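Residue numbers (this note's numbering), protein chains in the order written: chain S, 1 to 233; chain D, 1 to 685.
These are calculated hints, taken from the structure and not from any lab test.
Do not rely on the hints blindly, as some may be mistaken.
Lysine-lysine pairs mimicking DSBU-like chemistry, simulated, CA-CA at most 35 Å apart [what the hints assert, rightly or not]:
| no. | chain 1 | residue 1 | chain 2 | residue 2 |
| --- | --- | --- | --- | --- |
| 1 | S | Lys51 | D | Lys224 |
| 2 | S | Lys193 | D | Lys300 |
| 3 | S | Lys32 | S | Lys51 |
| 4 | D | Lys271 | D | Lys300 |
| 5 | S | Lys211 | D | Lys271 |
Covered stretches of chain D, as calculated for chain S (at least 3 residues, CB under 8 Å) [stated by the list, open to error]:
| no. | stretch |
| --- | --- |
| 6 | 58–68 |
| 7 | 102–111 |
A few chain S residues that don't get close to chain D, going by computed Cβ distances all over 10 Å [as the list claims (entries may be wrong)]:
| no. | residue |
| --- | --- |
| 8 | Trp16 |
| 9 | Lys19 |
| 10 | Arg27 |
| 11 | Ile69 |
| 12 | Arg146 |
| 13 | Gln171 |
| 14 | Glu206 |
| 15 | Lys214 |
Small disclaimer: the values here were computed from a predicted structure and weren't measured.
Virtual Cβ for every residue (Gly too), placed ideally from N, Cα, C.
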Amino acid sequence: MSSNYLDNLASSRENWLNKLEGLNINRTDMNKLIMNYLVTEGFKEAAEKFKQESGVEPTVDLNSLDHRIRVRDAIQAGNIQAAVAMVNELHPELLDNDRFLYFHLQQLQLIELIRAGRVEEALGYAQEHLCEAAEEDKAVLSELERTLALLGFEQPEQCPFSDLLQPAHRQKVASELNAAILRMEDQEATSPKLADLLRLILWAQEELDKKKIKYPKMVDLADAKIDKVDMSK
Amino acid sequence: MGQILAYRGDVLVQLVPLPLGQTLHTKQPSFRQDPNNGRPYIEEIYSTDEAKCLHALICLKNAVIGSNRQKGFVVQHGVISRLIQIISCDSSPVSVRIEATIILGSIAKGTDEHVKALVDMNIIPLLVKGVLEDGDESSARLVEASLCCLRTLLQSGLAPTGTLAQDSDFVQHLLALLRASITSQMAIATILTAECKTPECQDLLSAHGAVYSLTALLCSPHRKVQMPALSCLAKIIFQNRGVALAAASASFGGRPLPDILTSLMAQDMPKGMQLSAARCLTYLHRAGALSASDDIIKGKTLSCLTRLCDKNHDNGIKAIAAETLGYLTEVDMILQKDASILNHLITNLAMYFKYAMEEVPPLQAQLRQAAFRAFASLGANDEDIRKKIIETEGLMDHIVCGLQDSSPGVRLAAIRCLHSLSRSVQQLRTTFQDHLVWKPLMNLLKHASDDDVVTVASSTLCNLLLEFSPSKEPILELGAIDLLCGLTRRKEAALRLNGIWALMNMAFQAEQKIKSQILKALGTEQIFRLLSDPEVNVLMKTLGLLRNLLSTKPHIDQIMNLHGIQIMQAVILILEGNHSAEVKEQALCILANIADGDSAKDFIMTNEDVLKKLASYMMHSSVKLQVAAIFCVSNLVWKEENGALERQARLKEMGVHKLLQQLINTSDTLLFDKVKTAMTQFSDS
Numbered sequence: 001m002s003s004n005y006l007d008n009l010a011s012s013r014e015n016w017l018n019k020l021e022g023l024n025i026n027r028t029d030m031n032k033l034i035m036n037y038l039v040t041e042g043f044k045e046a047a048e049k050f051k052q053e054s055g056v057e058p059t060v061d062l063n064s065l066d067h068r069i070r071v072r073d074a075i076q077a078g079n080i081q082a083a084v085a086m087v088n089e090l091h092p093e094l095l096d097n098d099r100f101l102y103f104h105l106q107q108l109q110l111i112e113l114i115r116a117g118r119v120e121e122a123l124g125y126a127q128e129h130l131c132e133a134a135e136e137d138k139a140v141l142s143e144l145e146r147t148l149a150l151l152g153f154e155q156p157e158q159c160p161f162s163d164l165l166q167p168a169h170r171q172k173v174a175s176e177l178n179a180a181i182l183r184m185e186d187q188e189a190t191s192p193k194l195a196d197l198l199r200l201i202l203w204a205q206e207e208l209d210k211k212k213i214k215y216p217k218m219v220d221l222a223d224a225k226i227d228k229v230d231m232s233k
Numbered sequence: 001m002g003q004i005l006a007y008r009g010d011v012l013v014q015l016v017p018l019p020l021g022q023t024l025h026t027k028q029p030s031f032r033q034d035p036n037n038g039r040p041y042i043e044e045i046y047s048t049d050e051a052k053c054l055h056a057l058i059c060l061k062n063a064v065i066g067s068n069r070q071k072g073f074v075v076q077h078g079v080i081s082r083l084i085q086i087i088s089c090d091s092s093p094v095s096v097r098i099e100a101t102i103i104l105g106s107i108a109k110g111t112d113e114h115v116k117a118l119v120d121m122n123i124i125p126l127l128v129k130g131v132l133e134d135g136d137e138s139s140a141r142l143v144e145a146s147l148c149c150l151r152t153l154l155q156s157g158l159a160p161t162g163t164l165a166q167d168s169d170f171v172q173h174l175l176a177l178l179r180a181s182i183t184s185q186m187a188i189a190t191i192l193t194a195e196c197k198t199p200e201c202q203d204l205l206s207a208h209g210a211v212y213s214l215t216a217l218l219c220s221p222h223r224k225v226q227m228p229a230l231s232c233l234a235k236i237i238f239q240n241r242g243v244a245l246a247a248a249s250a251s252f253g254g255r256p257l258p259d260i261l262t263s264l265m266a267q268d269m270p271k272g273m274q275l276s277a278a279r280c281l282t283y284l285h286r287a288g289a290l291s292a293s294d295d296i297i298k299g300k301t302l303s304c305l306t307r308l309c310d311k312n313h314d315n316g317i318k319a320i321a322a323e324t325l326g327y328l329t330e331v332d333m334i335l336q337k338d339a340s341i342l343n344h345l346i347t348n349l350a351m352y353f354k355y356a357m358e359e360v361p362p363l364q365a366q367l368r369q370a371a372f373r374a375f376a377s378l379g380a381n382d383e384d385i386r387k388k389i390i391e392t393e394g395l396m397d398h399i400v401c402g403l404q405d406s407s408p409g410v411r412l413a414a415i416r417c418l419h420s421l422s423r424s425v426q427q428l429r430t431t432f433q434d435h436l437v438w439k440p441l442m443n444l445l446k447h448a449s450d451d452d453v454v455t456v457a458s459s460t461l462c463n464l465l466l467e468f469s470p471s472k473e474p475i476l477e478l479g480a481i482d483l484l485c486g487l488t489r490r491k492e493a494a495l496r497l498n499g500i501w502a503l504m505n506m507a508f509q510a511e512q513k514i515k516s517q518i519l520k521a522l523g524t525e526q527i528f529r530l531l532s533d534p535e536v537n538v539l540m541k542t543l544g545l546l547r548n549l550l551s552t553k554p555h556i557d558q559i560m561n562l563h564g565i566q567i568m569q570a571v572i573l574i575l576e577g578n579h580s581a582e583v584k585e586q587a588l589c590i591l592a593n594i595a596d597g598d599s600a601k602d603f604i605m606t607n608e609d610v611l612k613k614l615a616s617y618m619m620h621s622s623v624k625l626q627v628a629a630i631f632c633v634s635n636l637v638w639k640e641e642n643g644a645l646e647r648q649a650r651l652k653e654m655g656v657h658k659l660l661q662q663l664i665n666t667s668d669t670l671l672f673d674k675v676k677t678a679m680t681q682f683s684d685s
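One chain only, chain D, in its complex shape:
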């Protein structure tokens, strides 16, 4: 192929034939003179002549800025290597290194492939070197160009982040560079935001005074400096009490940081800025640096966030506002109450599901997640707020959908929301049919790999099972019992607790069929294990389960018939163990329930050890144990039952009657009642 001449702008140029493998543009109409673009300057950048090289680099720069296609060309033809060679060579004149860095910065603003190419060629350390360049006026431009390129790469999400900020010297240097220029300030704040990923990093930045530097940046008259500074501040104070405390006491120009943030939340500020400032204040509060009763939090921040949930704002703003609000009000009851009545919040949040339908997927999920999260927090404690939320039209349907959403974040938020609302089981029953929510809930429990989800879901199930509902069929069919028994075997205490608690609730006033299923599935061995659980709550709920199982005469007899020996062993295990009065009280109540049966009574009466224990508990220092023991005795001697006389005689032999006579003089009213009741059972003798 001969040399081709073509016009390039006003200039006639010779085209350099390009190497094979260059992809030609797909559109090739016949009138074009040549398919390749003339780029004579490419050769010149390899020149050792400084002036020629500089000139060529400037041409290259002007070609790549703004054009992804040109960037792609540069990447494909290995030009990056030459650029890297230039900037890594200290003897290259600064002017040349500056242009090369600017070109790399421009390529970084191309497509993901372009960014990856740069990252893969390991240019980040070289950019760091450029940032550290010490010198005069001219090297300032190199520093700035290096910062910009570094920022673009780290922000892309395609470069590894977190290592630069571990370097104490580099961090210090960066913070010192904040004095340099507006562009540097913006770039550095963004770099630090991308790099700060661990609590150690937060501490390191704080140790170097980042909090004070950022406070100063917040007072800049330039919005484009304030915004990245806000993001950076949020990143370093998030869930870090030490840094948050430092931040809360920082100031600039006599203005404390919380006041500066408050001024940035003013209604005439751009919405994004209001939101960002509100987020910082939220993080300060949750990290323990600002109290919920501080007007900045309960007044200004709360009102700003609730305002930003209004329909007039961008969906992106709405989503972050609700998410932040959910985090802000997560644990404080007063904030929950205050928020729920501000700016029609609940009505506005309910609309989020409608907005989500009109949005593209990522934002769609964010809106739903945010609404669920906010509802979960608002409804965590107060019955009236829950009522308002539950009454939101279509909310239950949204929750059911949310439990099955493809996004894990939405699923977790939906289950958290349901969990909060499940604390008003009665309300739920009147506003929806039980079975609608069981299936997705059980599905979630069975298939979730995230422990958070399983914990919250099982806790929700627990609450929902509290309410006696005839339609427990569907949930049984879905394998709830096996699932819950499985939870009791987990190593996570919270899951064991939820499992056993749910079984306990399920057994309450349940049919014999269900009780048998529970016992069969759980097995007496597992019950024993649970009674030795290091978590006392788990132990208590296991005892609670036994109590619930052993209720109503026919059930008691049936169950004791099958498992009586093991159950007695379990009770004795507890009574002999080193447990609190509360725990032992439960065990005694179980005995009392057993004593309420017919044939079951024999299990106690034939066990001398147990009878002796009962007698000794009647004289225990703890009144509630006395009451429980006497209640048991009462049931045993109940005169209307068959065999009462024999039992009364036996207990008299053991001295129980005498003990009752002693106790009748007690001043404790409850104890007195119980003693009286027991005594009147005894036929006079």
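If we strip away everything but chain S, and leave its shape as in the complex, we get:
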């Protein structure tokens, strides 16, 4: 490609969008991606409905999703101990092999105590259960400190680390655990292929940025919003 072509392309968002429109994406491929997402993340009912509506076959038996669904539900409900008990029943070696994950689950338990305002218990719990992991790993120590900082605020939502209290954090841990279970079951993909695609976009954009090439950038992945080219940088 000559640099002229690139210049033309980059300088015109319209051109860019038109080019994108012109690329043909197979509908079956998209359906498979969606089915893969639903199955990996454990949305059993949605997967069954989607199977009926789109005709795409799931790659695994949907009944095998049950235990992962139950584990995820327990975490979403803030019932960490129950989730841990379920995982230990299914895969007794999982949490011993992945101490970082185990720490995240305990951290979540701590957060639940803080969220419920049970300060004394929270401190006791931190002392009893979380300190040992912090002794072995610096990364763990700093995460623990962030979590305990929540206790320093009358209203923890005001704390700079309040993101820990958000549902998004629960989701993150739930997904982490889900991925670990998938790995134990030796499923090839422990994250949905959709996530891989998004990562590819981010990577490609990063590479272009490194080479200081101007192009219309996708700034919001969630709604695939593409910006005008920023010529100032």
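Once you have looked at the hints, place chain D on chain S.
Positioned in the frame of chain S, the structure of chain D alone reads:
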């Protein structure tokens, strides 16, 4: 102390006061309600009520999984005994035994102390019992839990290994269990890898079809099964020709094992898998099951290993790749040549010393050792390859450091590397100053307890001494002569040989001072002993030493003056002994050298027996003996020397002149030359 209530999660529990001696957590802020943790379920595990016991065990399980601290608590409070009691009791319900086994498996994933505690309580036989459990669906979980715990313990390095695999029935049972589940497959492969320590064990496993089972596992779609299977395969074929041959002809699904291994070396496979597969193929080749000319070896395996030495890979991968490459190319010249030009190998290996500086100790040593080993193999035979290696910047410094490294593995690899390179002594002289390497080399020789190191080091010394170097002072000062003489007294033939060979090289064109030192240190008695050595090589080199000592007139006379009688005795000993023509030729050459001296000539001339022998050797069936004898005669009658006429007359008396006249008609050119030369010495009479 009264009963204490505390929250544990969402549940209000009563705390059981713990026995004295429990170590409290060191951090004790004042706001804590109680320093002990509530563990009411501990009591319940001793219950005879099955349901209560099961429930308690599950609580205990959920407490210990993931937490070393909780594991430690369990160990300290003797709970293991109860768990052992549960699993050794056949009447315990399976569900209870399963939970107990899982808990033991979790404790095994704790610290070294936890593992040792389990091993010391002798749980391994109980786990074996669990593995052998025969039954239905529910006992399958017990079997799996037992396998996992066993695997964790055997892998730790803290449990004794090697005994389980001697039990033929157990081995058979394990291999049959490979059908069970992925977890079982992984555990069993790892167990067998840890247990297989002897050639007998390798043979036993092979006899039970392990090779075929492992081949099947390699075709599993699960990486985590393939990896331990590769390690196990490597373990059982290593240096075992029989098993390697069986492996090379094994197949699964119509694919022969070598092909399966080749596919696992493909570039899109994880690096660890490529390396592991390459290692298996390397072992197959070295054990004699795959030829070096097979494209799988010289093409695919070689290219894979050289690729993995590239800077882009993990240091751990690099180290094992180079080590394996060193082993692969150790003896085959073609592989050495091919490897040296692939993927900038030599340049990449040279960088290993730099990577080592940035690494932690164990890996640091591994990188250095691997680089030295690879260089040692690559440079073993080819001059051009050696040149490339020697020209590597700073390599000599690295070798000097390596000879003094704290790790014995690095020292051995460094000396092997130097040994290979020492075959190009001329090159070494132009790229470094002699004395730099002498000191660590001599140090190594003096203090090494490992025979391998002494053998290689003395061999290296031998090579380095070949090149006449004015700066032999430093090496003499370091006590080389005494050390080498000491080697000649060793019971290991290789060491005696290296010792005498090095002395021989040292004596070559050396100063009188050095020659005297050698003779003095070695002593004529030891020379006699060496001349009766069962190893003919040792004998030959001893004769070679004598030859080198007896060179240049002044030296010959001086030495014969001091040791002439013994030397003549030694020569006669050889000539009269039952030796090959080669050996006797050496002895005759020594006589020829003696004959080259001045006063030394008398030793021969006054010895009628020797003169008779010379005459008879002139007519020997072996031409080289004839040549040597005539050469000696030539020196004796050399007309420019004092007393030549008398000597010529004496030899004529003995009929030597007549023999020469007979021999002049020979068709052998060398013989003819020698005869002619000798004859022309005689003044016409």
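How the hints compare with the structure:
no., hint, result
1, Lys51(S) to Lys224(D), "holds (31 Å)"
2, Lys193(S) to Lys300(D), "holds (33 Å)"
3, Lys32(S) to Lys51(S), "holds (10 Å)"
4, Lys271(D) to Lys300(D), "holds (15 Å)"
5, Lys211(S) to Lys271(D), "holds (29 Å)"
6, 58–68, "holds (count 7)"
7, 102–111, "holds (count 4)"
8, Trp16, "holds (33 Å)"
9, Lys19, "holds (31 Å)"
10, Arg27, "holds (29 Å)"
11, Ile69, "holds (21 Å)"
12, Arg146, "holds (19 Å)"
13, Gln171, "holds (21 Å)"
14, Glu206, "holds (20 Å)"
15, Lys214, "holds (31 Å)"
Hint compliance for this structure: no hint is broken.
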